[in-house]
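Q: Using the sequences and the hints given, assemble the complete structure.
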Amino acid sequence: MELHARDMVNWFELANEKIKQNKSYLTSLDQPIGDGDHGINMARGYQEAVNRLLAKEYSEPSEVLKDASMALLSKVGGASGPLYGTAFLKMAMAVKGKDYLDLESLSVGVKAALDGLKQRGKSETGEKTMIDVWSPVATYFSNPSSFHSNGLVETARTAMEKTKDTMATKGRASYFKEKSIGHIDPGSASSCYIFEALAEVIGEKE
Amino acid sequence: MKYVGIVLISHSSKLVSGLLEIIRQVIHDVPIEVAGGTDEGEIGTSVEKIVTAIDRANVGNGVLVFYDLGSAMMNAEVALEMIDSNTVKIINAPLVEGAYVAAVESNMGKSLQDVYDAVMKEF
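In the order they appear, the protein sequences are chains C and Z. First residue of the first sequence? That's 1 in our numbering, and the numbers climb one at a time after it. First residue of the second sequence? That's 1001 in our numbering, and the numbers climb one at a time after it.
Hint data in this document are derived by calculation from the structure and do not stem from the laboratory. A couple of the hints might just be wrong.
[What the hints assert, rightly or not] If we take Cβ atoms under 10 Å as the criterion, some of the chain C residues that face chain Z in the derived model are:
no., residue
1, Leu73
2, Gly78
3, Ala79
4, Lys96
5, Gly121
6, Arg172
7, Ser174
[Claimed, not checked] In silico EDC-like links for lysine to aspartate or glutamate, alpha-carbon gap of 20 Å or less:
no., chain 1, residue 1, chain 2, residue 2
8, C, Lys122, Z, Glu1077
9, C, Lys66, Z, Glu1081
10, C, Lys56, C, Glu13
11, C, Lys66, Z, Glu1048
12, C, Lys66, Z, Glu1077
13, Z, Lys1014, C, Asp35
Glycine included, C-beta positions come from ideal geometry on N, C-alpha and C.
A: This is the structure in structure tokens:
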């Protein structure tokens, strides 16, 4: 399994499609416990990322991740901008210089992204944030021998569903305290789409 | 006289331009810049606007950066990493009253650390 620069661009294209298709859903998740703009913000940011990626030729995955990161930082607007921007920037730095990514380097990249999210959000798992999806996904990646794209989807979806039962202690939803229980965390939902898209890209090569 | 600069970040441009008005009624010479709303003028914050505001507010004595809500702080941190400056400090203090105190303190010609400490002591 080798993901080259064009596969990384494909990842962002697929994620963009999923986010666009679920734009209203993401926003509806954000309405009861947030500021109701997650779908709109993510759709705007991902569209900009894809626009920039398609306008350029890339020779290594790290450059794709870096440009996507900059687009998300400048275009998302909400908290997801600095968070996703940081995640992909850390991932880019972790795999810099590689011509392609295999499962091991992807694992290193996802772990670096997770650490970036924790640092930027000053958060840990169990606070009803996107970290609750990135953390189990990073763990799943850390064992390449048993990795399968279906397993990645399952891991991300299960983790996303689980955020429904937790009370938010970080982010805008934390103002709602126990009222945040019973709602899926919007950032976990968008993260889930992003990993579903990645699973599709990997799945084509399995 | 060189003053410590102040940057006001908010999800809403109206919020910080209003706050600037309040402070300017009293403090005239301290450089104060605002970074409100997204690049499109919507609710949110923009790293680019923050970077520009910090640059403008920095006349050589450093800058104290105030923000309204959590995600604005994250963008402020990203901006700081981009600028890579050790004369800029983000402060976790009430935006309105904190910025007011900071402007008054800066106007007395105090250093960045002294202005920072004075605000933290107040809240």
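Q: Work down the list of hints and note, for each, if the structure agrees.
A: Results for each hint:
1. Leu73: Cβ of C/Leu73 sits 5 Å from chain Z, so the hint holds.
2. Gly78: Given a least distance of 6 Å, the restraint on C/Gly78 holds.
3. Ala79: holds, 3 Å
4. Lys96: Cβ of C/Lys96 sits 17 Å from chain Z, so the hint is violated.
5. Gly121: holds, 7 Å
6. Arg172: At about 7 Å, which falls below the 10 Å cut-off, the nearest Cβ of chain Z leaves the hint on C/Arg172 intact, so it holds.
7. Ser174: holds, 9 Å
8. C/Lys122 x Z/Glu1077: holds, 12 Å
9. C/Lys66 x Z/Glu1081: With a Cα-Cα distance of about 15 Å, the restraint between C/Lys66 and Z/Glu1081 holds, given a limit of 20 Å.
10. C/Lys56 x C/Glu13: holds, 14 Å
11. C/Lys66 x Z/Glu1048: Holds, at about 17 Å.
12. C/Lys66 x Z/Glu1077: Given pair C/Lys66, Z/Glu1077 holds - Cα atoms ~18 Å apart, limit 20 Å.
13. Z/Lys1014 x C/Asp35: Given pair Z/Lys1014, C/Asp35 holds - Cα atoms ~18 Å apart, limit 20 Å.
Against the hints set out earlier in the document, a violation occurs for number 4 only.
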